[in-house]
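Visitor: So the chains spell out like this:
Protein chains: 4
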Amino acid sequence: MIIAIKQGSPAKEVRRFAKSLEEKGVQVHFSEGASQTVLGLVGDTAEIDAEALNANHLVEKVVRVQEPYKRANRKFHPDDTCIRICASAGGECRVGGGFFSVIAGPCSVESREQILDIAESVKASGASFLRGGAFKPRTSPYSFQGLGADGLELLLEAKKQTGLPIVTEIMDLSQLHLFGDVDVIQVGARNMQNFTLLKELGRCGKPILLKRGLSATVNELLMSAEYVMAGGNENVILCERGIRTFETYTRNTLDVSAIPALQRQSHLPVVVDPSHAAGLSWMVETLSKAAVVAGADGLIVEVHNNPEKALSDGEQSLSPSAFTSLMRALKKYIEMEGKSFSNGK
Amino acid sequence: MIIAIKQGSPAKEVRRFAKSLEEKGVQVHFSEGASQTVLGLVGDTAEIDAEALNANHLVEKVVRVQEPYKRANRKFHPDDTCIRICASAGGECRVGGGFFSVIAGPCSVESREQILDIAESVKASGASFLRGGAFKPRTSPYSFQGLGADGLELLLEAKKQTGLPIVTEIMDLSQLHLFGDVDVIQVGARNMQNFTLLKELGRCGKPILLKRGLSATVNELLMSAEYVMAGGNENVILCERGIRTFETYTRNTLDVSAIPALQRQSHLPVVVDPSHAAGLSWMVETLSKAAVVAGADGLIVEVHNNPEKALSDGEQSLSPSAFTSLMRALKKYIEMEGKSFSNGK
Amino acid sequence: MIIAIKQGSPAKEVRRFAKSLEEKGVQVHFSEGASQTVLGLVGDTAEIDAEALNANHLVEKVVRVQEPYKRANRKFHPDDTCIRICASAGGECRVGGGFFSVIAGPCSVESREQILDIAESVKASGASFLRGGAFKPRTSPYSFQGLGADGLELLLEAKKQTGLPIVTEIMDLSQLHLFGDVDVIQVGARNMQNFTLLKELGRCGKPILLKRGLSATVNELLMSAEYVMAGGNENVILCERGIRTFETYTRNTLDVSAIPALQRQSHLPVVVDPSHAAGLSWMVETLSKAAVVAGADGLIVEVHNNPEKALSDGEQSLSPSAFTSLMRALKKYIEMEGKSFSNGK
Amino acid sequence: MIIAIKQGSPAKEVRRFAKSLEEKGVQVHFSEGASQTVLGLVGDTAEIDAEALNANHLVEKVVRVQEPYKRANRKFHPDDTCIRICASAGGECRVGGGFFSVIAGPCSVESREQILDIAESVKASGASFLRGGAFKPRTSPYSFQGLGADGLELLLEAKKQTGLPIVTEIMDLSQLHLFGDVDVIQVGARNMQNFTLLKELGRCGKPILLKRGLSATVNELLMSAEYVMAGGNENVILCERGIRTFETYTRNTLDVSAIPALQRQSHLPVVVDPSHAAGLSWMVETLSKAAVVAGADGLIVEVHNNPEKALSDGEQSLSPSAFTSLMRALKKYIEMEGKSFSNGK
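Chains as they are written, first to last, in our numbering: chain A, 26 to 370; chain B, 26 to 370; chain C, 26 to 370; chain D, 26 to 370.
Chain A extracted, bound-state conformation (with noise of 0.2 Å):
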């Protein structure tokens, strides 16, 4: 961390400054230039607050060179994280690490029928895991909110019938003590800065699947993975889905630049879900092989039974079909990745 000192304050205001700094355990290297002083801090800097020292008046800029996170950080954890998941039957779904992995199913969970039979049908295409929400965020108190308990249980029956893990967002951590059987638990988009929440999924073993809020950064990605493995849990998977931009055409704006850089900065494993990002089934296979191509470790895609009568996100639903001929479209380019398919086998 580098920080300019204003032009003109006093020496000693400075030193003692540069004092308090240090007794936060940081080592202060001073530049004396004919004009401008600057002060490197040496050490563990994420623990500082850069925020804080911008309130200081002898401030005039405060620079992080370092990251402010420490555990996702790849110059500490060289290697890829590989998250493993155990499957039916013994089998392993591996996320990371050389393992692709596909996540797959519907929005919502709507009844036993409709989640039973997409499930039997991601399985014969080749997922890896399933997916459906019983917990759902909407915008309108008015729109359908999921089934709730009523629905994790149907998953757990789907888990059960077809051997798939199974991969379900929790809203809340009233929800928590519901979630034992679950697989891995996602964390949505609107809670990625739900510090609570985090903070306590730090505390349980479960992978997390946490998604890139509407319009945060990498870093805030980041940061919100670090909170999750300050707590002890380091199995997060991260999960590109699209940010908020000024194209209306998409429902958001695939971010596939954010794959390599997320790889770069971090040894965490990255999804991403090409249904959310475009809202448009029709472009779900573009997008899917753009982010393999550009390295994801994997996708959730959104598969309904009967995309028009799904009671949310039909619009950007694929049929079974359609995911089959996507899952047979991706094959060669996980391949020339030099990636496996992990689906528990």
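Please keep in mind that the hints were generated in silico from the structure rather than gathered at the bench.
Don't take each hint at face value.
Each pair may be met inside one copy or between any two copies, as identical chains are not told apart.
Said to hold, decoys possible - Taking lysine-lysine pairs in the DSSO-like style, the calculated list, with each CA pair at most 27 Å apart, reads: (1) Lys334 - Lys37; (2) Lys31 - Lys100; (3) Lys44 - Lys86; (4) Lys334 - Lys31; (5) Lys49 - Lys334.
Given chain A, work out where chains B, C and D should sit, using these hints.
Guide: Showing chains B, C and D alone in chain A's frame:
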């Protein structure tokens, strides 16, 4: 709501589709032009999910004419809502309906001495409410996270000592049991779409100060208010606190137009947070004046007895003397707007 | 300017790099810490290209401490610039330096009758300048494109008749020869970074009204002003006209903070365009008041004698009577700011 | 186009309004529901100004069903446009319609030696076109502004020597007379809505490479293409070059979805600029692959023989050897898309 039907759609299917809409409790009016069929939906369309309709293969475009919120909508409640909060000695603070309130205090409660000192000082300057964070949403897990339950205790002590009602942020449902003596519960920008929290707050009777999300629209803020109100709690105070834009000079960008926009669309009071909007203490007075003349019903201002040593947000906090001079400066503008200052006396 | 050097860079190469910087006319101060070498550049760093430095393999980060603009910078010109424009009968309109001006007129000049009618009317209400577009930037080639040179003629006729100096937009250098009798040349938001145009306007002596680009920052606006000023033309009026955000209720979002921000960074006058900012005529008065109390040096307001029939921007234009009442409403706010109304008398 | 009429509007006025619309050459269909009157406009609505209609006091909402562009619209030109440019020795470079082109070269032409050296090198690696800036839009007037007319001369010399057709940017109409031997004229992002320039380019027969504006939508880019095409020049190549978002890790954000979006809406070829999109040379290959599999018809890539010494954009330029390896890496992806490499042979 207007639904444009795709050209060439079979008339029979369109009629079946219209019937399915009528089953949702609205009337459907047909307009069959030479080349364009348009359905006009009349009735309570707030409960119709426009996105879900878009997935239908017959639909070209869905356009809402009516707003999707009802309880927050001025059309159905033409008069301003005035929220009344008990103050000490039988007094009452009112927000909205011609009354102007100032909520002041530190970003974080840091110590007994600090909060009591600031509380006395803002009271003396004429503040209506004391604010202070006990639970703090911080982007880094290594930054100061607030004093938690102890912070709440200190706030309540300050309330007791000064008689100022208190406003403080809830970060998660699990904290709600601690908020029994809090006067106004604040929902932070990052929680604006924490729908589980909003629903539960809809069941508690307390006034809610709902902050606009970092990249949320006026319409989305009103939908979040609708969540609280749909649960039966009509005491919602809307808060414009700056939105994320490309400008980096200020921390956020105060959307001054949101004040008249919200007031035209809704009957709920609107307060402005110039401290978070700018992130610069020297700009707080200017933005406060702008907010008052634009029609704001109140302000929420960060005040710290030692901004340079503040554990958070020092850069944007006013000193007690700067706050006193702000209150003096605003007086005539508030009067020119025909509003009465409400501070519990 | 501060340059953080990558860890492990060979000292010899760093010295060679520092020497190459000194050849560009700045002094370089070294700070060699245990783990971080920092170069501090002192002198006229405005001409150092920070981006180009970033490409050097020794460089970790480049941070500007000084602003990259000089002529527009208040540091080097502490006093407000006041721009003087001749008005009829030997009068003078002043913009900035304690004077407040209102520029009013239609979006487009549509006919002789229209522009003369509006000119008389805004003059009677106290406007300082007449505005009107002859060359119109329209997003569709099929929309009305302005009357062009004929429109300019009509504006000049209105100037002659009313004595109001005129402000009108140039869209391209090729039109400049027609602007000989125009008093203030407007550069539209879409041309804020038309650097060829800015350079040429730097060579003409006329005052330039420079509008902020749709997603430009305060710093970028000042860099564009610097282009004009670097050519020798110091008569630049900055114009905040709303920026693009995710909000859709208003056409753009008025960045009211840009007024104090620009005035702190620069000595140039700042005017505000509430008509384009909101795109809603009913909001113009509210935003105008906010702009005045935030310190604006003037306003540019769309007025049309028949807004419903306007060939462009009817939705945001005031009728002549609404303009009259706006001028009355603003009077006391302008006085409270200690400014004098300047309208050439 | 659909116009929702405000409730309670007098039927007589609505009929008069409808008649005024019919005079503009469209048919108007009435739908009078119990509580909502809707007008459906049929015919060539591209020439109807939706914004102007909004100003009418009878109008609640105006919704375009048809796109406001015609010549750029795939609906009216179902087949892909393929643009043919003469290359040396009677060869031809084709852009679009199943052909893939790579445009490569430095950001700025800096010297005879530099441009000839790079031209030879990119030709050897298989580039279809040479790019190089003679007129450079720079945010600071103190940055290198390009060699101007001399730079163009050097480009033409490089064209003569290598046979590569050239692509270079025009910044202003006044430069057009110098572009007689340029093969493709580039319009930069900052000029995407320089309508005067676009109109004039519509009158010259040369292919235009039109870059998307920094915060422009897909629809706005197509409207700008329409400006060129409305003048009679159908040879427009669209270019996605990254949009402004809140992400700071990359210079801009590549909107990979814009490729399928533009291709679905329009028949014009779409090329991608991964260099400006990311601003990071190490990311160029990854984004190029993503662009190819998303369906791009070509790439425009910055290559410099000494990126560290480049006078502009060094940080994002590839070295000649990195470009060679990029071309090798892309080969199989282009083939998998069923496209032919077009480089004039």
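Visitor: What hint numbers does the structure not satisfy?
Guide: Violated: none.
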